Amino acid sequence: MIFGSNTNSQDHFFLDKSTKEFATHHVNVILSPSFYWTKLQELPVLTVYGAREYSTSVFEGLLPEGNWTYFVQKEDKNLYRFFAFDQDELLDFIESIGGDKQYVRSLYFAQNEFSDILDEEQTKFVSINDDKCMTKVQDTLVLIPKTMVSNSEYIYDVINDVSLSSNNIKIDTNISINTDIFMVFVVVGLIFSLGFIINIITYNIEIAKLENKTIEKIKTLKLPETSFELDAIATQSSAKIKDQINIRKNIKQISTIKTTQYGKIKKIKITKDKLSVYDK
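Residue numbers are given in the numbering used here: position 52 of the sequence shown equals residue 52, and the series is strictly consecutive.
Keep in mind the hints are simulated off the structure, nothing from the lab.
Note that the structure is predicted; figures quoted are calculated from it, not measured.
Honestly, I wouldn't trust all of these hints.
[As the list claims (entries may be wrong)] 25 Å max Cα-Cα, derived BS3-like pairs, lysine-lysine:
1. Lys136 <-> Lys74
2. Lys146 <-> Lys124
3. Lys146 <-> Lys17
4. Lys20 <-> Lys39
5. Lys101 <-> Lys170
6. Lys269 <-> Lys249
7. Lys20 <-> Lys101
8. Lys274 <-> Lys252
9. Lys252 <-> Lys269
10. Lys217 <-> Lys249
11. Lys252 <-> Lys240
12. Lys242 <-> Lys269
13. Lys242 <-> Lys252
14. Lys39 <-> Lys136
15. Lys74 <-> Lys146
16. Lys124 <-> Lys39
17. Lys124 <-> Lys101
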């Protein structure tokens, strides 16, 4: 008997290690307890994000060697349920029964999806194959030999009653939509964006103030406002300085004039270009 039963919408697929065939269309896969480990743990944290940091230590000494993926959900104020499963092993199994991971929309845990159906007070049992049944023991869903119970319901008779929870994992990303991680990143992003915008506005205000002060200073000192005017002033000043330097050189040459060379000096004429000495 193949237990991979679907709802009328053909969205749900229960996957156990005894499953022989996989769906040939897109489905939400509900994992049997044979594929995962789970544990309840009280922690001194208030968010799923904080609890995730304890994932490895919660299962320390319990898990066999493997590439474990962890999922955490909040049960109560400081109570969290941890799940661990080997995604590589899961994908290899799906492939071995002719499945394709592209057909897996999301992964769900039987612990969450069958919790209401397997009410401990009513001691209900659900057969997942000819050998095993699911039941709840101390709030944790487990597998037991079918020979231990006299009456049980087959999974294909109850799976239609399952309303999928929000606790799921996208197989390609391993990110649960039932955590506040996404919101944390959104809030942090908004804070950084707001800070960046505030800095830009502040810088623009400061630049505007400096520009206003510069304009006021130019008007007060009656300075030219354009670079063309400044360049013209600089060129004009440079020419005047050059003329003054030449005149000083010519003046200095006066001290080197010998009367024996010119006789009695009648007139000296100094211009920016030359020094003229007249003895007549």
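Evaluation of the provided hints:
no.	hint	verdict
1	Lys136 <-> Lys74	19 Å, holds
2	Lys146 <-> Lys124	12 Å, holds
3	Lys146 <-> Lys17	16 Å, holds
4	Lys20 <-> Lys39	28 Å, violated
5	Lys101 <-> Lys170	11 Å, holds
6	Lys269 <-> Lys249	13 Å, holds
7	Lys20 <-> Lys101	16 Å, holds
8	Lys274 <-> Lys252	12 Å, holds
9	Lys252 <-> Lys269	13 Å, holds
10	Lys217 <-> Lys249	38 Å, violated
11	Lys252 <-> Lys240	18 Å, holds
12	Lys242 <-> Lys269	19 Å, holds
13	Lys242 <-> Lys252	16 Å, holds
14	Lys39 <-> Lys136	13 Å, holds
15	Lys74 <-> Lys146	31 Å, violated
16	Lys124 <-> Lys39	21 Å, holds
17	Lys124 <-> Lys101	32 Å, violated
Of the numbered hints listed earlier, those contradicted by the structure are 4, 10, 15 and 17.
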